[in-house]
Structures are given as structure tokens and as C-alpha cells.
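*Asks:* Protein chains in written order, with our numbering: chain A, 8 to 278; chain R, 8 to 278.
Bear in mind the hints are in silico, worked out from the structure with no lab data behind them. There could be a bad hint or two in this list.
Identical copies look the same in the list; a pair holds intra-copy or inter-copy alike.
[What the hints assert, rightly or not] In silico DSBU-like pairs for lysine-lysine, Cα to Cα no more than 35 Å straight-line:
#, residue 1, residue 2
1, 38, 220
2, 278, 252
3, 272, 197
4, 250, 203
5, 252, 102
6, 220, 129
7, 197, 133
8, 250, 197
9, 257, 56
10, 20, 203
11, 80, 278
12, 250, 278
13, 272, 20
14, 38, 278
15, 133, 278
Protein chains: 2
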Amino acid sequence: MMGGSFAWLISEKKPSWNIIGYDALTEHAEKAIEQGFIDEAVALDELVKRSDLIIITIPVNHIVQLLPGIMDKVNDQQVIMDIGSTKEQIVSAIKGHRNRGRFVATHPMWGTEYSGPEHAVKGAFKGRVAVICNAAESDADALALAESIYDMVPMQKVYMEAHEHDIHAAYVSHISHIASYALALTVLEKEREEDKIFQLAGGGFESTVRLAKSNPAMWVPIFMQNKENVLDVLNEHISQLRKFKACLEKENFDYLQELIEGANKIRRIIK
Amino acid sequence: MMGGSFAWLISEKKPSWNIIGYDALTEHAEKAIEQGFIDEAVALDELVKRSDLIIITIPVNHIVQLLPGIMDKVNDQQVIMDIGSTKEQIVSAIKGHRNRGRFVATHPMWGTEYSGPEHAVKGAFKGRVAVICNAAESDADALALAESIYDMVPMQKVYMEAHEHDIHAAYVSHISHIASYALALTVLEKEREEDKIFQLAGGGFESTVRLAKSNPAMWVPIFMQNKENVLDVLNEHISQLRKFKACLEKENFDYLQELIEGANKIRRIIK
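Just need the whole structure built from these sequences, with the hints factored in.
*Replies:* Have a look at this one:
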């Protein structure tokens with residue numbers, strides 16, 4: 008989904024570029040050709056050898072496993088960028104690598120709850136932020152090429168350290184996914200009459216539970232790698248929910264009003 | 008917002024009907040005329056006297072307070088319907104009233120996080136369900152008129168008892184609002200750098216936190232009236248979140264995978 012969305016972007020903005028792809032699943036690679044967003048599917052080694060720019064769009068645990076080996080093989084003209092939702096373990100995995108400068112750690116803050124090449128989106132990324140981490144560790148030309156990809160959309164570029172990125176990502180993205188997964192489980196557990204959920208679910212339920220459709224192959228590794236920050240935010244979230252519970256149990260509706268007014272302040276931030 | 012959306016619907020589908028409105032806030036009534044979705048703003052007593060059909064679109068605590076008095080004043084040709092998000096206390100408040108048959112208890116499963124006449128929506132309600140409760144307690148002609156309003160959209164009509172409605176509403180609507188309020192508070196509490204939330208929040212965060220903008224004047228009374236059901240679902244939700252917490256703390260990533268696969272089953276219900 009993410010790889011395909013990048014391929015659509017580049018094929019639209021840079022029609023002269025040749026886009027080759029590798030996917031561990033042959034049927035995904037075939038689908039990518041069929042859908043027309045890659046010109047050719049090749050083996051990983053061949054892809055690494057032939058590419059001027061390698062964009063890695065796989066789950067974060069596989070990035071940590073594969074990235075050092077890929078970086079062993081590139082020359083000082085090639086550029087590698089990842090788009091993983093965590094950054095600290097990825098940047099640590101290649102710290103001090105002789106080709107460190109050829110790598111740019113990025114995270115475009117855009118996604119959907121769907122996976123697979125059939126869900127690649129034309130016109131993705133628009134209006135969102137692209138985070139670029141530890142930019143000082145990348146060579147100037149490598150950084151400039153990665154930046155130029157986001158400038159094509161365009162996306163707003165924000166620079167921060169990987170450690171700082173992972174804290175913010177826990178707040179604004181990872182906790183939303185856990186809340187949504189837990190809400191889906193709650194409703195599936197309590198509401199045995201699934202036809203009633205289906206009939207009655209209004210737009211509100213759909214939007215809060217949308218992220219619960221997200222793929223575990225992507226999200227388990229994100230939560231693993233960002234465990235400490237996610238736990239910190241999750242503990243706070245449970246304690247906020249306990250306040251609502253206490254208000255209801257004690258019929259303290261003034262405090263409930265206060266809590267909701269506090270939550271309404273999110274309007275300042277999310278229009 | 009809801010009253011205006013009904014007025015837009017009726018003015019589009021029944022241009023010959025005269026639409027009069029009452030709002031406790033004079034400026035809201037004036038705004039409704041200015042926006043063109045009511046023909047005239049009148050006092051409540053005059054509205055009750057002159058209306059063939061009265062649609063009550065106020066917070067559920069005010070419905071319980073005002074409904075008996077309004078029902079005292081109607082004749083056996085007039086029809087009253089409410090659209091509140093809870094049904095049991097409303098139906099109980101007028102149980103045995105001599106004009107009970109003139110009232111139809113309904114809940115269209117559609118809304119937005121915004122309040123006030125300026126947020127009324129043209130083309131609202133489409134593709135959603137309208138719940139009609141305790142239909143056997145309404146006179147046949149009153150029921151038929153209320154049904155005809157939802158048939159104008161059209162909405163799918165679903166019939167159930169008020170008690171049953173309130174249980175399902177806790178699952179598919181009320182808990183989503185609490186989860187979203189608590190998520191907003193969590194992020195506002197933990198993430199002191201509001202500019203970072205603003206910059207980094209992707210679509211995922213926006214959709215899970217959207218409902219947190221909802222008005223406490225509407226939602227505190229809903230939670231009050233549906234306290235038992237909401238508490239029941241909220242306890243389950245907290246216990247689901249604790250499972251995620253335990254997985255992270257114990258690094259039990261197989262169980263985390265299982266939890267997420269369970270949550271993914273919501274795909275069966277929400278496309």
C-alpha cells in the first residue's frame with residue numbers, strides 16, 4: 008500500500024524515472040506490475056544493485072533486519088530511505104555503518120488502514136507532514152534526494168531526532184491505533200448481535216473504529232519497537248478512562264462536564 | 008444542528024410545508040431564519056398550538072423535562088416526535104399520558120461533532136438507520152407521519168423497544184464518544200508541545216479524536232440517562248486496554264498479534 012502509493016507519486020511527477028520493485032510475496036510484485044505502478048519486478052539483490060534511490064516500505068521489524076545488509080552493498084552514489092513509523096531502533100541498527108551517510112530516515116505522516124498493492128492510493132500524502140530524522144547523519148546529496156521526493160507532493164518537512172520522533176508518534180498515532188483496536192474488541196465482545204452493530208453503527212463509531220482494521224504485521228512491530236513510549240501514553244489513557252468511569256459511578260456530572268470541556272480543547276489543534 | 012438538518016430535509020422534500028421553529032436561544036432562532044431553513048421563529052407555546060408535527064431536537068435531559076408539558080397541550084390530530092440518543096427515560100417520562108399515542112420515540116443514527124444552526128447539514132441522514140422505539144404505543148397515524156419523515160431521506164427504519172435501543176446505543180455510539188474524549192485528554196495531558204500534535208497528527212489521530220469535539224450539553228445528559236449500559240461497556244473497554252498494556256509490559260507479542268487479529272474482525276461489520 009505504502010510502496011505502491013510512492014510508486015504512483017513518482018510515476019506521476021517523474022515520468023522519465025524507471026521504477027523497479029521487490030516484494031517478498033511474488034503475487035504482490037505481480038499485482039504491482041498489473042496495476043501499473045512499477046515497470047519491473049526484480050530480486051532484492053538486483054534491485055539494490057540497479058537503484059539510484061531505494062525506498063524501503065516494509066514493516067519496521069523487517070527494516071531493522073534488512074537495512075544493514077542493504078547498506079553493505081550500496082556505493083557512494085546510491086541513496087536509501089525508509090518510511091517506517093518508528094525511527095529510533097532503525098537509526099540505531101546502522102549507527103556507525105561505513106555507508107551511514109547514504110541513508111535517510113523518514114516518516115511521512117500519512118497512511119490508511121489497508122495493506123497490499125491493491126490499496127495503493129493515487130494522490131496520497133497531500134497536506135501531511137514528512138518527518139526526517141537525524142538529518143545531520145545523512146550525506147547532503149542523499150538528504151536532498153529524499154527531500155525532493157516529499158517536495159513532489161508537496162509535504163511539509165519537519166526535522167527531529169529519532170528519539171523525539173518516537174515519543175511524538177506514540178502520542179499522535181500509536182495510541183490511536185491501540186484505542187481503536189480495544190474499542191473494536193469491546194464492541195465485538197459485548198455486542199453479540201452483530202447485525203445490530205452493522206445496522207446501528209453511525210458515522211461516529213465508524214470513524215473511531217476505522218484504525219482497528221489495520222494490519223498486525225505492521226503494527227505489532229511498531230508497538231514492540233516503541234514499547235516504552237506507547238506504555239507511557241497507554242497508562243495515561245487508561246487513567247483518563249477511569250475518570251469517566253468514576254464520574255458515572257458517583258454520578259458526578261459536574262466533573263463529567265469538566266472532563267468533556269477539557270477534551271473539547273482538541274478543537275484548538277484539530278480543526 | 009439536528010433541528011436545522013431536519014428543516015433542510017423537509018424544506019427540500021415538502022416545499023409546501025410551513026416550517027416554524029423555537030429555540031431557547033434567540034440568536035439561534037434568528038440564525039435559523041437567516042440561513043433560510045425555518046420560515047418563522049415563534050414562542051414555544053405558539054409553536055405547540057400551530058404545529059401538525061413537532062420534531063423535538065434538544066438534549067435528552069430537556070426532552071424529559073419538556074415533553075410531558077408539551078403533550079398536555081396537543082390535540083388528537085397533532086404528532087410529536089423526538090430524535091434523542093437515549094430512549095428509555097424519555098418513553099418512561101410519558102408512560103400512561105393520556106396523549107401517549109400522539110408521540111413517536113425515534114433516533115436517527117446520524118450526527119456530527121458540531122452544534123448550532125450554522126452547522127445544519129443539507130442532505131443529512133442518507134444511508135443511515137432510523138430507530139423507532141415502542142411503536143405499538145403510538146397511534147397508527149402518528150407513527151405513519153413520523154415514518155414518512157424518514158422515508159423522505161430515505162433512511163432504513165428499524166423497530167425496537169426503548170430498553171433494547173439504549174443497550175445497543177451504548178455499544179455503537181456512546182462508548183465511541185467516551186473513548187474519543189479520553190483520547191483527546193490523554194494527548195493534551197501528555198503532549199505539552201501542541202504545535203507538534205498539530206504538525207504530526209495524521210488522518211488516524213484525526214478520525215479517532217473527531218468525536219472529542221462533541222458538545223457536553225448534549226453528551227453529559229446522554230451518559231447520565233444511559234449510565235448503567237455505558238458503565239458496562241466502559242468497564243469492558245478498560246479491561247481490553249489492560250490486555251494491550253499487559254502484552255507490552257510482558258513483551259507477549261504473540262498475544263498482541265492475537266488481540267489485533269481479533270480487532271480486525273470488525274472488518275466483517277464496518278466496511
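*Asks:* Could you run down the list of hints and mark each one as holding or not?
*Replies:* How the hints compare with the structure:
In this assembly of identical chains, residue 38 and residue 220 lie within 35 Å of each other by CA distance solely inside one copy; the values are 22 Å within and 41 Å between copies. In the homo-oligomer, the alpha carbons of residue 278 and residue 252 lie at most 35 Å apart both inside one protomer (28 Å) and across protomers (30 Å), since each shortest distance falls under that limit. When the C-alpha separation of residue 272 and residue 197 is checked against a cutoff of 35 Å, the pair qualifies both within a copy, at 31 Å, and between copies, at 14 Å. Proximity of residue 250 to residue 203 under the C-alpha cut-off of 35 Å is found in both arrangements, the shortest distances being 29 Å within a copy and 26 Å between copies.
For a Cα distance limit of 35 Å, the shortest separation of residue 252 from residue 102 across copies, 30 Å, qualifies, whereas the shortest one inside one copy, 46 Å, does not. Taking the shortest alpha-carbon separations for residue 220 and residue 129, both the intra-copy value of 21 Å and the inter-copy value of 30 Å come in at or below 35 Å. Within a single copy, residue 197 and residue 133 get their C-alpha atoms only as close as 38 Å, which misses the 35 Å cut-off; across copies the closest is 28 Å, which meets it. Taking the closest pair of Cα atoms, residue 250 and residue 197 come within 35 Å of each other both inside a single copy (21 Å) and across two copies (16 Å).
With identical chains, the CA atoms of residue 257 and residue 56 are never at most 35 Å apart, being 66 Å at best within one copy and 41 Å at best between copies. In this homomeric assembly, residue 20 and residue 203 come within 35 Å of each other (Cα to Cα) only across copies, at 29 Å, whereas the closest approach inside a single copy is 46 Å. For the identical chains of this complex, residue 80 and residue 278 are neighbours neither inside a copy (46 Å) nor across copies (43 Å), given an alpha-carbon limit of 35 Å. In this assembly of identical chains, the alpha carbons of residue 250 and residue 278 lie at most 35 Å apart whether taken from the same copy (26 Å) or from different copies (32 Å).
Taking the shortest Cα distances, residue 272 and residue 20 never come within 35 Å of each other, neither inside one copy (39 Å) nor across copies (38 Å). In this homomeric assembly, residue 38 and residue 278 come within 35 Å of each other (Cα to Cα) only across copies, at 22 Å, whereas the closest approach inside a single copy is 38 Å. Taking CA atoms no more than 35 Å apart as the test, residue 133 paired with residue 278 passes in both settings, with 17 Å inside one copy and 24 Å between copies.
In summary, the structure is inconsistent with hints 9, 11, 13 from the numbered list given earlier, while agreeing with the others.
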